[in-house]
Amino acid sequence: MEFIDFLLEDFFVTGQPLIYGAMVSIVLVSIAIVFVLSYFKKWGWLWREWLTTVDHKKIGIMYIIAALAMLFRGGVDALLMRTQLTLPGMEFLDSQHYNEIFTTHGTIMIIFMAMPFLIGLMNYIVPLQIGARDVAFPFLNALSFWSFAFGAMIFNLSFVIGGSPDAGWTSYTPMAGATLNPGPAQNYYLIGLQVSGIGTLATGINFIVTILKMRAPGMKMMRLPIFTWSTFITSIIIVFAFPILTVALALMTIDRIFGSHFFTLTGEGMPMMWANLFWLWGHPEVYIVILPAFGIFSEIISTFARKQLFGYKAMVYSMVVIAGLSFVVWVHHFFTMGAGGAVNSFFSITTMLIAVPTGVKIFNWLGTMYKGRIRFDTPMLWSLAFIPCFVIGGVTGVMLAMAAADYQYHNTYFLVAHFHYVLIAGTVFGCFAGLTYWYPKMFGHKMNEKLGKISFWFFVIGFNVCFFPMYFLGFAGMPRRTYTIEPEWMALNVTASIGAILMAIGFAVFVYNIYYSFRYSQRETHGDTWDGRALEWATTTPVPFYNFATVPKIEGPEAYWRMKENGRTTYEKEKVEPIHMPSDSGVPFVMMAFMFIASFGLIWEWIGIAIAGLIGVLACMVIRSFDYDDGFYVSVEEIKQTEKKAREGEQ
Amino acid sequence: MSAHTDISTGPLEYRTQEGRMNILGFWIFLGAEVVLFSTLFATYAVLFGRTADAPVPADLFEMPMVLIMTFLLLTSSFTCGIAIHHMRRGSLKGLFVWLGITLALGLGFLGFEIYEFVHYAHEGASLPSSAFWSAFFVLTGTHGLHVLLGISWAVLILIQLRQRGLTPVTSRKVFIVGLYWHFLDVIWIFIFTSVYLIGMVV
Amino acid sequence: MSELTKRIPKQHVVGFVGSIILTVAAAWAAVGSDLPTPWIITSIMVLAVIQAFIQLFMFMHMTETESGGIQAGNMLYGFFVAVVIVAGSIWTMSFGYTHDHGGGSDNDNETEEHEHMDH
Amino acid sequence: MKNIYLRVKLWAALPALSLLLLVSGCGELTVLDPKGPVGESQKDLIIFSIILMLIIVAVVFIAFTYMIVKYRDRPGRDEKDYDPDHHGNTTLEIVWTVIPLIIVTALSIPTVITIYELEEAPEASSDKEPLVVYATTADWKWFFSYPEENIETVNYLHIPTDRAIEFRLSSADSMASLWIPALGGQKYNMAGMENTLYLQADEEGTYEGRNSNYNGSGFAEHTFEVHAENEEDFESWVEKVKNTAPELTQEEYDSLLAPGLEEELEFSSTHLDYVDHGTNEGRDYLIERHKDAFEEPLHLKGGRGAGDE
Ligand code: HEA
Ligand code: HEA
Ligand code: CUA
Ligand SMILES: [Cu+2]
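Chains as they are written, first to last, in my numbering: chain A, 1 to 651; chain B, 1 to 202; chain C, 1 to 119; chain D, 1 to 309.
Bound conformation, chain A alone (with noise of 0.2 Å):
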């Protein structure tokens, strides 16, 4: 009886339509899901094909598509809240549930969606644009990804076991410490975080020493595709910036679940640590989503102004400037932290200094267009629309980075607008452009481009109608992470709104694309789909899983582009070897699946189900330890078969 109390209490979060409708929803998805696998006999597929696959073109795909349902996850959380907002007095939402929303909306968008979504861009091309089989370490790769996915399952879980976080995505101490925030809510946040956390480093690293040691033979660093470059760079930057992360957020859940005293009001703890170190971290972080979508816009704009690159080097110095500079401007979230004069006047002039790197990509790609042929292809749409939005967001961090004025901003709606003029032009058009522009390589057949055409101008539109505006509510006075509005803000939030509801049909028309072009796209009938320059258009369309029968010799920049003019490809029949290629392996996902459950005990502070669940992921460490399973080789012949079937198309 009391075990069904709890349950009813505590456990499921009860008591809201809004949650019975989700969790109705999860139970009839999760029944279909399980209904079709059996049906179709799916399971031993869904077995060997993805969930044991180290391939990181799969692993790419499989990030891309988690990350286009926490898109989905986030952008109803938004149009909850713009509901909520359009009108004063407004009683959809009650003050608790906004503040779960905006809470899980801002760290799904940045942690759930923005990294996965560029990890998985990164996962799929880099080793094809690089000449490599696979990744450095493929194992580490099908770790990283289930360690994201269980991650993300985690924290989503919070929605209907438990109750959401409500502390924002920033989640200050005290506010969430266990004495003001008890209950297993703010758990989610740490432990999911902390999951998915682990996987990025290990990410990072493995990114690193693939660009490193993995290349084609000629092609050299200051040869790399820039998208590659970006990867490099971000790479660098995760691997130094999410241990501070691991690190605060281990301390805090040591606060909450162990009673320790970093952050907290009592035994002389101190909260504004928590803010400190969330920024070392988080500030670094808006980098990490931004690079990479800035490799994308160069390779997209180079290939469709059909013009090499403009400044090939300033793009890598200028990025190698924004990674330096990125550890040392943290301080800029907490202007009004009344640290004084000199702190914030250098975390001023460092965090405004950013802009001069950032300007020199922004007119290298004026100048990749200048003396160019521009096409129009969505991939392009989407690059062009961001140059414009994406400088109005800049300059706007330029002018909160003034921190005297920034007393002004800080915490208002003016700083909303900001983050999500970089975040959506910047991280979300980059990777809208990066999927359809290499979406005929992934799956074998273009989007289609009317459809993508009418959701890039739905969704360009929405954008800016959606958040321009919210610079003026700034102005305004209307603070961020206010669950209601006064009646004088009303004309302008009723337009916020409007926007998102365009988003939201431009993000629909987007998905309704992908099942559009599945069923009646013309298939691709060679791998290069758009005249590209990199390497990875070298490849047949669908790529063999081992990428290349023959490795290219690289003679200079834009490989690809040079082997198209000398006439050569990456199958050369004289030359196949055997290759040897990664065994598939079910630990990964076994392992995180242990993982799970250790982080669901010490949500919960279950502490016997937490250490149950430690054993077995240490079991699958030692199994692993003791595998010595060093691949298998594809023979010559299987490999003149596969290509003679992937090339029959081309001549």
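These are computed hints drawn from the structure, not numbers from a lab. All residues carry an ideal CB built from backbone N, CA and C; glycine is no exception. Keep in mind that the hints are not guaranteed to be accurate.
Stated by the list, open to error - With beta-carbon atoms standing in for the labels, derived distance ranges:
| # | chain 1 | residue 1 | chain 2 | residue 2 | range |
| --- | --- | --- | --- | --- | --- |
| 1 | B | R164 | A | R519 | 47 to 57 Å |
| 2 | A | D630 | D | V95 | 53 to 63 Å |
| 3 | A | G259 | C | V83 | 25 to 35 Å |
Chain A is fixed; fit chains B, C and D with the ligands onto it per the hints.
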């Protein structure tokens, strides 16, 4: 994986492409560990002096014990170096002996650390006592946990050495665990200096 | 490669003896000397950094093989970020003037600490 | 190609629109219509930066439009201005590195000057001693203590005009941020610490004040009203409170601290007699008394609640 450019000279652990990549990857991981520990150091430094009603560090820290712990780890780092040296000479026996000594020293260190923690707890300084003591226990405890992990990991590798002898793979593993062990010594030097010595001075 | 023939390589012995000496020197500086506190803290931190380099070069062979440069660069960047985190946190979190920093009577020690950890 | 022009027009329209709104002095934009010297210097900085930013935006937009119009792929385009191998120009690259550097310098100088200026009481009223007000928050209400006058108010504030107010900010529990947009920027209220914020009103009137730093379910209602009046009115208000309001007993104060919303109240003594939450001793005063009260989050429905009058 791409071209297996294997070589036939030089230390065994570097001979395969895989071995070289693993070692490089581990170095990069150590870079991340530097950041991880420096975050703990930063926290410790910021929370220094926030002892609330608990004892202050100068009253509890004792030089002899800290010195013993330091020498244990320093020596183990040295013996680990010798173990790797023997491995590179192709002496499995030498490797076993010296790595064994290393682990024994590591266990000794852990023993002292546990004793120290229990002792402090008796004196009224434990994790929940105050911000300062939280920072102290988490910083030193994280290091201790790493040592424990290093020992267990090395034991697993010793078993594999038994089973397979010195191969490019096993020697790579030994080398990497060796790097880990030395690295923990580096961290301890900073704990010794900025926690214990400074804690005794001020 | 002549080192390889020896049972105990000289480099490692030198490193070991060096680190023992540095440790003893630091311990002495801390409790045996009567230097002013800021001096003590500066000097023992310098000794610690030297010891770290002994480990990295003499025991861990950081610069060995063609990845040596990368490995060294990686560790150097790690140290840069470490300095930023430690010094930066102390600087911003001590935020001087208007804040009651807590720590009651230990306050004096603390400010000293802040000034001298910035290395 | 119609689309391109449409978009160009759209984006050209946005900054023009913003400029329009600005020059028309849109009364709703509180931050740009400040009522005191602190907000005034921040507004000047903001306007200065907006002008520079608009120039940058204009340059980028014009260049952008030029590129996509002139170099778009269209039938019958002159082949001579297509140069696929063109990939750099050192002079240009130096130019667009140096000019932004100069702009950043131009922004930094007034920024640093203003930062230091705001650390002190405003010049404009340096002839008078600032009025000291302890502004303490507890979830989700404001306590304003006037130590010299020995009075305390809850959720509203009276200040004299043309005299600097020296706020001593602190919090009894979660972090908050005192913000009166019409008078100037905000600073954090934190437990166990004390922050100083100077503001000043030059015009009489009633202004909105609020906590702008999210702190849980009562956040939207965590507001207060600021009545700025001339020195005489202020004095008589103080007298009135002194004479008519009850004393703030510790018992009463403790019960007011419990998390929740509160009415406007006034007292003829201050809580500083028992506790100063800005000191180390006061940091866990509230927690010791109301630890268990945080279990249930407030489920406030939309609309203005207790923070309103
Ligand atoms: C993709 C993510 C992303 C990116 C790229 C940026 C880029 C920048 N951000 Fe932003 N930022 C966020 C995401 C991002 N930000 C988020 C999520 C928050 C809020 C978090 C929260 O509190 O929840 C935030 C908050 C934030 C703040 C804190 C404000 C506050 O809390 O009060 C500040 C303050 O300085 C700031 C500044 C900047 C600056 C100066 C840049 C610069 O990098 C921009 C540089 C670009 C340009 C300037 C445009 C192009 C340049 C030219 C055309 C050259 C000429 C220009 C000049 C000379 C000015 N950001
Ligand atoms: C990459 C990051 C990212 C992205 C893409 C977005 C996208 C959006 N965000 Fe987000 N936002 C953040 C990151 C992001 N946000 C962060 C970090 C915060 C701070 C959180 C915090 O304060 O802690 C924030 C906060 C935030 C706020 C402020 C909340 C507050 O302070 O009170 C608002 C308010 O309007 C908002 C709105 C939106 C909207 C309308 C979108 C739109 O772009 C969304 C587009 C819409 C869709 C993609 C919907 C798709 C759905 C359908 C098509 C289905 C429709 C069906 C049904 C409704 C059943 N966001
Ligand atoms: Cu050299 Cu261990
Ligand atoms: Cu930032």
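Against the structure, the hints come out as follows:
| no. | hint | in the structure |
| --- | --- | --- |
| 1 | B/R164 x A/R519: 47 to 57 Å | holds, 53 Å |
| 2 | A/D630 x D/V95: 53 to 63 Å | holds, 56 Å |
| 3 | A/G259 x C/V83: 25 to 35 Å | holds, 32 Å |
Of the numbered hints stated above, none is contradicted by the structure.
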